[in-house]
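Each protein sequence line maps, in turn, to chains E, C, A and U. Just so you know, we're using this note's numbering here: the first sequence kicks off at 16 and counts up by one. Just so you know, we're using this note's numbering here: the second sequence kicks off at 16 and counts up by one. Just so you know, we're using this note's numbering here: the third sequence kicks off at 16 and counts up by one. Just so you know, we're using this note's numbering here: the fourth sequence kicks off at 16 and counts up by one.
None of these hints come from the bench; they were simulated from the model. Warning: the hint list may mix true and false statements.
Copies of the same chain look alike in the list, so a pair counts if it works inside one copy or between any two.
For lysine to aspartate or glutamate, the following EDC-like pairs were computed, each having C-alpha atoms within a straight-line distance of at most 20 angstroms [to be verified]: (1) Lys-248 <-> Glu-300; (2) Lys-394 <-> Asp-283; (3) Lys-95 <-> Glu-59; (4) Lys-375 <-> Asp-288; (5) Lys-294 <-> Glu-352; (6) Lys-248 <-> Glu-323; (7) Lys-267 <-> Glu-300; (8) Lys-188 <-> Glu-126; (9) Lys-95 <-> Glu-80; (10) Lys-294 <-> Asp-266; (11) Lys-294 <-> Glu-159; (12) Lys-248 <-> Asp-42; (13) Lys-282 <-> Glu-300; (14) Lys-136 <-> Glu-352.
4 protein chains.
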Amino acid sequence: MARVVILGQGYVGSIFAIGVERIKRGDLGYYGIPLANELPIKVEDIEIVGSYDVDKSKIGRPLYEVVKRYWEDEIPESLKNVVVRKGIHLGSLRNLPIEAEGLEDRMTLKEAVEKIVEEWKELKPDVIVNVCTTEAFKPFNSKEELIKAIENDNRERLTATQVYAYAASLYAKEVGGAAFVNAIPTLIANDNAFLELAKESNLVIFGDDGATGATPLTADVLAHLAQRNRYVKDIAQFNIGGNTDFLALTDKDRNKSKEYTKSSVVKDILGYDAPHYIKPTGFLEPLGDKKFIAMHIEYVSFNGAIDELVITGRINDSPALAGLLVDLVRLGKIAVERKEWGTVYEVNAFYMKNPGPAEKGNIPRIIAYEKMRQWAGLKPRWL
Amino acid sequence: MARVVILGQGYVGSIFAIGVERIKRGDLGYYGIPLANELPIKVEDIEIVGSYDVDKSKIGRPLYEVVKRYWEDEIPESLKNVVVRKGIHLGSLRNLPIEAEGLEDRMTLKEAVEKIVEEWKELKPDVIVNVCTTEAFKPFNSKEELIKAIENDNRERLTATQVYAYAASLYAKEVGGAAFVNAIPTLIANDNAFLELAKESNLVIFGDDGATGATPLTADVLAHLAQRNRYVKDIAQFNIGGNTDFLALTDKDRNKSKEYTKSSVVKDILGYDAPHYIKPTGFLEPLGDKKFIAMHIEYVSFNGAIDELVITGRINDSPALAGLLVDLVRLGKIAVERKEWGTVYEVNAFYMKNPGPAEKGNIPRIIAYEKMRQWAGLKPRWL
Amino acid sequence: MARVVILGQGYVGSIFAIGVERIKRGDLGYYGIPLANELPIKVEDIEIVGSYDVDKSKIGRPLYEVVKRYWEDEIPESLKNVVVRKGIHLGSLRNLPIEAEGLEDRMTLKEAVEKIVEEWKELKPDVIVNVCTTEAFKPFNSKEELIKAIENDNRERLTATQVYAYAASLYAKEVGGAAFVNAIPTLIANDNAFLELAKESNLVIFGDDGATGATPLTADVLAHLAQRNRYVKDIAQFNIGGNTDFLALTDKDRNKSKEYTKSSVVKDILGYDAPHYIKPTGFLEPLGDKKFIAMHIEYVSFNGAIDELVITGRINDSPALAGLLVDLVRLGKIAVERKEWGTVYEVNAFYMKNPGPAEKGNIPRIIAYEKMRQWAGLKPRWL
Amino acid sequence: MARVVILGQGYVGSIFAIGVERIKRGDLGYYGIPLANELPIKVEDIEIVGSYDVDKSKIGRPLYEVVKRYWEDEIPESLKNVVVRKGIHLGSLRNLPIEAEGLEDRMTLKEAVEKIVEEWKELKPDVIVNVCTTEAFKPFNSKEELIKAIENDNRERLTATQVYAYAASLYAKEVGGAAFVNAIPTLIANDNAFLELAKESNLVIFGDDGATGATPLTADVLAHLAQRNRYVKDIAQFNIGGNTDFLALTDKDRNKSKEYTKSSVVKDILGYDAPHYIKPTGFLEPLGDKKFIAMHIEYVSFNGAIDELVITGRINDSPALAGLLVDLVRLGKIAVERKEWGTVYEVNAFYMKNPGPAEKGNIPRIIAYEKMRQWAGLKPRWL
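Use the sequences and the hints to build the structure in full.
Below you can see the structure in the form of structure tokens.
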């Protein structure tokens, strides 16, 4: 059994919940889940025990009703048992056309953290999954500064994700072990403040920013060119979508944090910083959750020849990430069982755009995949 | 020093010769050569000592003049020293608008083979590189049958490549070791007849069909999907170009041999035979050596979501292969030094579309690259 | 009222029937119908009175059941009233995995024609729409030869479409006027034998080959370049789909007739025959009715600069044609009312890939659209 | 003879100068010039008599030297006779990595205008072509306000283009007639202040924003869809390039003026404002003058079917515009001869992204082309 709490009951969290329940009912296969059902913990062992959001229209409603907004077909009845709770806001929906409220509206951050930890002690999650909306944030790097910000109720300095991760460390300490999966760009597995805290608190952190969309594909295409010693002249990559995450990214500050994640891949894989333009480009509502991506790469081949590649695609954003979460939840539980407190680069390198810890970079996903399998106790596929 | 004989002085062979000489002069870097200058044998150590063709307008001419047809800029003077010799034809230019003649026009195949072996004993190549035009062929699999076909002067049964590879085995036996690099689709490293012969004759064979163009990229994109357990619904891949090789492929029989090579990658990588349409599509003269490729892939992601990728590109055909040859020649020499008679899967798996021996299949190129580096005595890049 | 008989109850004919009935019920707007509801004859005035096929599993079944194969949602009850009748086969489903039978299996062609004319005299269609599978055919050009072939029961010489068009002329003569819409590549509006017959028999012919898919888009893109006096160096266009029509086109002879239609557009629009590769490329079953197209165009701009365009797309094949038929049926009735016997270039030039009569060619569709509107008595949109 | 003064001796102005001179020498055909040599005024009749810029490194240098920066091959000697003069700056190169100076650094704007008019009276241009860098601007709409701004030396309110256009009207009044071609987004032909002035001053204005790149192609593709009554769900269009104009557009205010121009096309052609994201996206230096464009369109076809088109391309930016200028210069002279003071919609509708006057919108370019031909006294091509 792997007990899960979801932070941010939006598109990704909802598709995750629906997909897992459909698999349990036997309505759906394992496509889109990298490790399918190869792990000792089965997909069918996942149980969603709690859910948090700050959208007023979701708080207090059963999951069954909330996920309906994201799925037209029949919803599994089993989602009637979980009710969405009020979480930490801290402006994470600022500038979005959503009425929001947070626990911290009526208490200090410290009190809010305590309240959440109490709730978790009842819900008993093994793994806490963060799929909040992309935030504008500043990393801490110093554990002391982080704790001070909480103590001083410094709402300008903290984001919801940072507060949740802090709460997770308190919870893990109390119950003897837990995992926190950070699937959004806020640096947690790349922030030494949190890693230090995690090691002291029996917390496993996976992060940061789930590796879906164009970026992991770009990584593999660049690795393909690097291996042939082709010199990449330039890369342009565009992304446009119609879900809340793209709407949130029209906010300049949030966009910036995303850009950082996406760009680092170029230098990590090629070994030099080829001129590139890689950022989420725009919001176009009718595209919905199925984003449009376009990528252009120009490179030098033997004898000075210049080649060009163009990749375009329509990609369902939320299912891609939700499929990864099905693995991450189970791997999180495994890491807790193994007491690998802190973070696990082998897992992050495959599943995350910005794999922690900070001193490690991106490697080609195909290599990362094999290393992750080995970490998980599975046979490599081709190695 | 790595002494090379080129079989088929067309686009690829000419760009290879020009590029190597430009590098020697310091006019060109190592882009497009996968191993750059990391091997103990340097690019500058390559020496072209002989060249064969069956195009009447090339035979007897200095390389310097022949390569001019494929390169507008200045040609290195060093190419004045090699004269193109008459090779084996056996219809390899059949149906193409080229006047051709072969050694076998005036003697039996057996005599032609003997003549070639004599010439090679003078030229003293370490490595013989086959870049003839794509042929319609039938594999042998039995060494006896192959020898019988030569003995009986069975011109219908044999192709130029098969005769050349046979000659290479005789030559290797006499001189104590040599390598034969088969960069075209005719099965040599995948034909047990030739592998058996090679092992007995101190011959190293690399093959078959140099891994350039859309196929290795397809392999890596499919591996990318396979690792995420995405179910590939269908793949369509088109290729159109304007060089002699595309013209040759308008011939139905030649096209078929190409199709075989390109399609096997799907099952090898995915583990199931996703419906696919992968074949060289057409000839369009003004495209020249820079082919246009287009690929469409449709796959199932988590929760049944269906995504689509489209990849298009303009890719210089000949430089891509010529760059690989710069490595293969040096790796061939290394294999001879190590006496690894027969074939070397670690090399083929990265450099060849249809890596021999026959019982082995395709693996993701990114994995193959690391294994090949290890075989070559280099540190893996990411593993 | 416009009474319609459908020849070939496949994908296109079925989507046409479903769409028209859904519009009558108010379930669907006019998207995809070029003239929407601007004509005096309304979409709601269309009545399907008969249907013919040679697929054994369709003959004798109500339309309501047959169209189910092509549409997952609810089917309008109104389609229960029409039963699919046995038509002319003449090998039109040859080599396809369909069990077929034709009227001519048990009688001469002449008798079959008579039987059909009798049936039509009962059904009283104003317009007969031909959407059979693409055929391998030879045009007649001489009316006498056509009549002789029917009289002599020359089954090798004739295709189903040719026999149907002949029957239409007999029927039109008897009832005083009718229209025949040929939406497939077989030359009818481009065959003088049929035009001569039509003029004598009070028949209006529209044809040939409904202008859907990549070809009309290519025409407009080429016109765009021609107007800027850009010199087109080369054009490659690929098409791959999974419906019966693509399966039929894997047959080499059928493919050839399609290729003719598609290629003529280049010279017609540009004024010179730019090197091109334009043909239906392949069959890939999972693509279904939604084909994948890819097009590459290279052209010379001012001062010798070379530009490139790539167009790719996923396009639903059958609805595109079905939408045109909604207009063609109504325009056919209008032409009959105006007694414009023979053919009407103004209509063909917009709606057909190969607009008859033969001596006329393609013009940019945007121009053709305005001329067609004027012919139909509507105000031009931009002119 | 058509005497031309160029304002802004950058990429476009330089390719224009080189191309025209190469044509005079017989080195180049008429590709990329929409009307080729059909007009009574021949391409060979164009004479460049003056050039203005504010880049310190260009002022005072012969055209021959300046154009070298944009062209690697041999430069026609005839360009040695024109020297680049100092023009109006007003911050038009602000934030760009270029050292700039303007006439107004040492005198009032009014004096600068007088100086320029005096110089033009010597140079005697028939046509003044404005190809300055894209500016952030505010239209005037009132002639009085415009004149007041000049009189009051209001440097914040005016841009270089506005001052040049004002100078052109004074010059035209004095010499009895002249033309001003505004090829950049600043509204001139769409600003009633300038049109009123032009009518009083014997000035012809063509504008605004030369119709090159993705926008006119988008217009024709949208017209293609509109004519088939397909409902456009959404359009995304990206543009990235490496020339100074793209660098200038990284400036938010300049970008905004561009966006306005590009977006209006959607509503003008479709008749409704389909959701769209159309803007210049980014700067990527190695792309140089050959920009990369990507466009995604999703639309509804018959029976509710949803289709998708993706268009990508590499397009040389400056030659495309330079080719249009070759026509515009000659059409400007023709308009002067016909005394069509003010502006000419028939010309603007084909050649401009934002055709003046303001109350007129975009029409499909293919239609606009035919109307422009008719205005120019040429036979329509297809109408």
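Could you work out which earlier hints the structure fails to respect and list their numbers in ascending sequence?
Hint check: 5 and 11 fail, others pass.
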